[in-house]
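Now for the letters of each chain:
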Amino acid sequence: MLDLLTNPLTKPKVRHDNGVVRARGGPDAQAPTILDPMIQVKDVNLKYGAKQALFDVNLDIPGKKATAFIGPSGCGKTTLLRCLNRLNDLIDNVTITGAIRVHGVDIYAPQVDVSELRKRVGMVFQKSNPFPKSIFDNVAYGPRIFGTRNSRVDQIVETSLRSAALWDEVKDRLHESGLGLSGGQQQRLCIARALAVEPEVLLMDEPCSALDPIATGKIEELIHSLKTQYTIVIVTHNMQQAARVSDYTGFFLMGEMVEFDETSKIFTNPRDRRTEDYITGRFG
Amino acid sequence: MRQFWKSGDPFVWLTGGALALSLVMVAWLVVQVMVNGLGFFWPSPVVRLTLTDGEILLGQITEREAIPTPGAPAGTAVHHRVQIKVGNRDLYGADFVWVDEAKIAKRETPAEAILIQRLEWGNLYGTIKAVKDGGHVVAEGPEAGWAAVQERLPETLRVSREAERIEKKEIGAINTAQERIRLRLRRLELQGVANGTEVESLQREMATLQAKYLEHEAALKALRQGLISSVVVAAAGGKEKDLPLAQIVRAYFPNTLGLLGKARFYLAKLWEFTADDPRESNTEGGIFPAIFGTVMMVMIMSLMVTPLGVLAAFFLREYAKQGPFVSAVRIAVNNLAGVPSIVFGVFAVGFFIYFIGGGIDRLFFPEALPTPTFGTGGILWASLTLALLTVPVVIVATEEGLAAIPGGMREASLALGATKFETTWRVVLPAVMPSILTGLILAMARAAGEVAPLMITGVVKLAPALPVDGFFPFLHLERKFMHLGFHIYDVGFQSPNVDAARPMVYSTAFLLLLVVLVLNLAAIVIRNQLRKKYAATAF
Numbered sequence: 001m002l003d004l005l006t007n008p009l010t011k012p013k014v015r016h017d018n019g020v021v022r023a024r025g026g027p028d029a030q031a032p033t034i035l036d037p038m039i040q041v042k043d044v045n046l047k048y049g050a051k052q053a054l055f056d057v058n059l060d061i062p063g064k065k066a067t068a069f070i071g072p073s074g075c076g077k078t079t080l081l082r083c084l085n086r087l088n089d090l091i092d093n094v095t096i097t098g099a100i101r102v103h104g105v106d107i108y109a110p111q112v113d114v115s116e117l118r119k120r121v122g123m124v125f126q127k128s129n130p131f132p133k134s135i136f137d138n139v140a141y142g143p144r145i146f147g148t149r150n151s152r153v154d155q156i157v158e159t160s161l162r163s164a165a166l167w168d169e170v171k172d173r174l175h176e177s178g179l180g181l182s183g184g185q186q187q188r189l190c191i192a193r194a195l196a197v198e199p200e201v202l203l204m205d206e207p208c209s210a211l212d213p214i215a216t217g218k219i220e221e222l223i224h225s226l227k228t229q230y231t232i233v234i235v236t237h238n239m240q241q242a243a244r245v246s247d248y249t250g251f252f253l254m255g256e257m258v259e260f261d262e263t264s265k266i267f268t269n270p271r272d273r274r275t276e277d278y279i280t281g282r283f284g
Numbered sequence: 001m002r003q004f005w006k007s008g009d010p011f012v013w014l015t016g017g018a019l020a021l022s023l024v025m026v027a028w029l030v031v032q033v034m035v036n037g038l039g040f041f042w043p044s045p046v047v048r049l050t051l052t053d054g055e056i057l058l059g060q061i062t063e064r065e066a067i068p069t070p071g072a073p074a075g076t077a078v079h080h081r082v083q084i085k086v087g088n089r090d091l092y093g094a095d096f097v098w099v100d101e102a103k104i105a106k107r108e109t110p111a112e113a114i115l116i117q118r119l120e121w122g123n124l125y126g127t128i129k130a131v132k133d134g135g136h137v138v139a140e141g142p143e144a145g146w147a148a149v150q151e152r153l154p155e156t157l158r159v160s161r162e163a164e165r166i167e168k169k170e171i172g173a174i175n176t177a178q179e180r181i182r183l184r185l186r187r188l189e190l191q192g193v194a195n196g197t198e199v200e201s202l203q204r205e206m207a208t209l210q211a212k213y214l215e216h217e218a219a220l221k222a223l224r225q226g227l228i229s230s231v232v233v234a235a236a237g238g239k240e241k242d243l244p245l246a247q248i249v250r251a252y253f254p255n256t257l258g259l260l261g262k263a264r265f266y267l268a269k270l271w272e273f274t275a276d277d278p279r280e281s282n283t284e285g286g287i288f289p290a291i292f293g294t295v296m297m298v299m300i301m302s303l304m305v306t307p308l309g310v311l312a313a314f315f316l317r318e319y320a321k322q323g324p325f326v327s328a329v330r331i332a333v334n335n336l337a338g339v340p341s342i343v344f345g346v347f348a349v350g351f352f353i354y355f356i357g358g359g360i361d362r363l364f365f366p367e368a369l370p371t372p373t374f375g376t377g378g379i380l381w382a383s384l385t386l387a388l389l390t391v392p393v394v395i396v397a398t399e400e401g402l403a404a405i406p407g408g409m410r411e412a413s414l415a416l417g418a419t420k421f422e423t424t425w426r427v428v429l430p431a432v433m434p435s436i437l438t439g440l441i442l443a444m445a446r447a448a449g450e451v452a453p454l455m456i457t458g459v460v461k462l463a464p465a466l467p468v469d470g471f472f473p474f475l476h477l478e479r480k481f482m483h484l485g486f487h488i489y490d491v492g493f494q495s496p497n498v499d500a501a502r503p504m505v506y507s508t509a510f511l512l513l514l515v516v517l518v519l520n521l522a523a524i525v526i527r528n529q530l531r532k533k534y535a536a537t538a539f
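So the sequence lines, in the order shown, correspond to chains F and C. Under our numbering, the first residue of the first sequence carries the number 1, and numbering increases by one thereafter. Under our numbering, the first residue of the second sequence carries the number 1, and numbering increases by one thereafter.
None of these hints come from the bench; they were simulated from the model. Note that the structure is a prediction, hence the values are computed from the model and not measured. Note that the Cβ used here is the ideal one computed from N, Cα and C, for glycine as well. Treat the hints loosely; a few may be bogus.
[Stated by the list, open to error] A partial selection of chain F residues facing chain C, derived with a Cβ cut-off under 7 Å:
#  : residue
1  : Val105
2  : Ala109
3  : Val112
4  : Arg118
5  : Lys119
6  : Lys127
7  : Asn129
8  : Phe131
9  : Thr148
10 : Val197
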């Protein structure tokens with residue numbers, strides 16, 4: 001892992017093979033098989049009106065790992081991410097076919113409680129978006145929605161802020177506006193807010209794109225520590241970031257998932273020509 | 001020259017000039033209203049004018065103007081004339097006279113000239129000749145007379161107050177109770193119950209009340225008969241007036257008042273103006289019922305227009321599917337704000353008053369018919385009309401506020417598992433609150449100044465009672481009420497005594513401006529606090 005941080009393109013000395021069985025067979029072997037995946041994406045097609053944004057995406061996301069989606073702008077990675085907590089439901093004229101299963105449950109089935117799904121699959125957005133409320137109220141928002149008792153809310157707020165590595169910076173001004181924090185702090189506040197409802201999966205949509213390198217470093221550190229407890233799916237434009245924080249990487253191009261594999265494999269030994277072109281900077 | 005145009009300066013001058021011109025015009029209007037409205041209460045001296053033909057006039061000079069001489073060659077000396085408020089309407093018929101300055105032989109300000117404000121017939125100018133108790137002269141001459149008057153006034157005032165209290169409180173309560181019993185009897189009669197225990201007990205109650213009423217009436221008569229003192233005032237021109245002391249509102253010698261005395265008098269007049277009921281068909285006394293009615297109407301209107309407008313705006317922006325239909329609705333709402341207010345008034349008379357109000361009367365108040373209860377103009381209908389008139393303003397302001405809330409805020413809430421309603425209630429509504437208040441401020445300003453639709457939906461020249469009083473159910477939304485805007489119209493253009501009433505136009509207009517200002521300031525303060533609390537500037 002340390003190697004990856006310094007030089008993303010070198011082969012790591014230690015291989016992590018947890019739960020992964022390499023597909024046997026010849027050179028046409030595709031993605032690795034993941035045992036007991038947290039999220040299964042099966043033959044997903046998505047259309048915004050007449051415009052198709054995802055084509056037959058198949059993907060297994062392992063639990064308690066960080067998975068990165070990379071690819072050029074408009075390739076569908078954010079669209080796929082927003083399918084995972086059904087946030088695309090808010091947009092008119094979206095048609096989705098195929099199946100997405102979380103813990104084996106089809107989340108697009110009619111009997112699924114969207115609130116419950118979003119509680120279990122939390123999300124952090126590209127632009128930090130704290131509510132115009134106090135830091136405390138921001139974090140307490142989710143638990144209060146779900147009717148948590150006030151006595152427990154205090155504790156949840158503290159744990160969440162500690163998990164988001166923000167507690168020490170804000171513990172003396174919990175009742176000041178969340179909008180008074182710096183950009184990086186705001187983003188960590190949003191992470192704390194997402195953690196407060198105790199999700200299993202944390203979706204991150206380019207969480208560092210608006211941050212400076214130092215704030216980015218802090219968030220990346222945070223992702224490292226969070227992935228021991230949460231399943232993290234992160235969309236990023238920054239290939240170094242993907243290499244630094246993720247265990248698995250999926251490469252998307254024009255709505256198709258071109259390749260999905262362990263991060264080290266993708267960056268050192270991509271199977272697909274297009275992946276190689278992209279990560280070596282020939283386009284994108 | 002080209003350089004000058006290119007520099008952009010002319011445009012700066014043009015825009016700045018336009019702003020300055022608007023501000024100057026508004027400031028001029030406000031100053032004009034303020035000076036005339038507030039200056040009216042300052043006591044001016046009483047002058048005695050001896051005219052060249054020997055006639056003597058006593059009164060206050062209210063105006064001076066050049067005599068128009070059409071067709072006169074340029075350079076002709078301009079002559080002036082003055083308007084004098086001579087009062088004594090009961091003696092000489094006219095309150096005001098115009099006198100050419102050329103005809104005035106002598107001007108004096110006699111110290112013994114007294115000005116008496118009366119409950120009826122306006123001001124009395126003159127000198128005290130005598131004071132009588134039950135027809136017997138007890139003091140003679142200005143000085144002794146004034147001493148006697150001062151001695152007797154407090155007692156007279158106390159008795160008058162007591163009489164007024166009995167009249168308003170005790171007899172008022174009896175009247176209300178009697179009216180209630182009459183309506184209950186009538187209801188029983190409509191149900192076909194003409195006799196029985198209930199009817200009898202009601203009739204007994206009625207009889208007790210009647211007896212009580214007669215008691216109070218007798219007490220009142222006794223009180224009034226105790227008021228036997230009167231003052232005889234000699235008016236200019238030889239006539240005399242024997243004025244009962246109970247008729248006096250205020251008596252003073254304007255020409256001997258010092259600055260402090262004048263200031264005290266000024267404040268007392270100002271207080272009377274804002275806190276008292278009007279007298280003498282609105283040309284004297286105060287305008288408290290109009291202030292009260294205006295504020296209450298605006299409050300009721302706010303209570304009705306805010307939920308209605310906000311809910312409508314939320315539907316348009318948050319729930320409705322954006323498309324040609326919603327756009328059409330939006331345009332229609334915007335245009336609704338431009339519909340002349342009298343149209344709303346006519347609609348309100350037809351729909352609210354006759355249809356809904358009439359329906360309420362038939363359903364709930366059949367015993368009072370043919371006297372309408374809700375089926376006639378009232379503060380509820382007037383407020384509802386104004387709510388209808390101003391609802392587009394609230395909708396537009398709220399919608400703009402909703403559009404300005406970043407989508408990320410809603411998504412953040414939804415992504416945490418909140419439902420759409422929870423998101424709307426806990427995130428969107430607090431954030432849009434300042435915009436709602438902006439809309440409400442605009443709505444209140446418009447409503448407070450509106451007159452035309454009110455004239456046909458419940459505003460009257462003189463309301464016998466306030467819409468809030470001590471009798472159950474305390475809030476009487478069906479009552480007619482007074483309104484500052486209509487009061488200006490009534491006093492300025494419908495008054496039987498235009499000259500006496502004109503200064504009241506300024507004072508009333510000033511007060512209306514003040515009421516609107518206070519209402520708006522209150523809303524602005526609340527809005528700024530909310531803005532501070534929910535500042536969404538970081539987005």
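Verification of the hints:
no., hint, verdict
1, Val105, "violated (16 Å)"
2, Ala109, "violated (18 Å)"
3, Val112, "violated (13 Å)"
4, Arg118, "holds (4 Å)"
5, Lys119, "holds (4 Å)"
6, Lys127, "holds (6 Å)"
7, Asn129, "holds (4 Å)"
8, Phe131, "holds (6 Å)"
9, Thr148, "violated (12 Å)"
10, Val197, "holds (6 Å)"
In terms of the numbered hints stated before, the structure departs from hints 1, 2, 3, 9, listed from lowest to highest.
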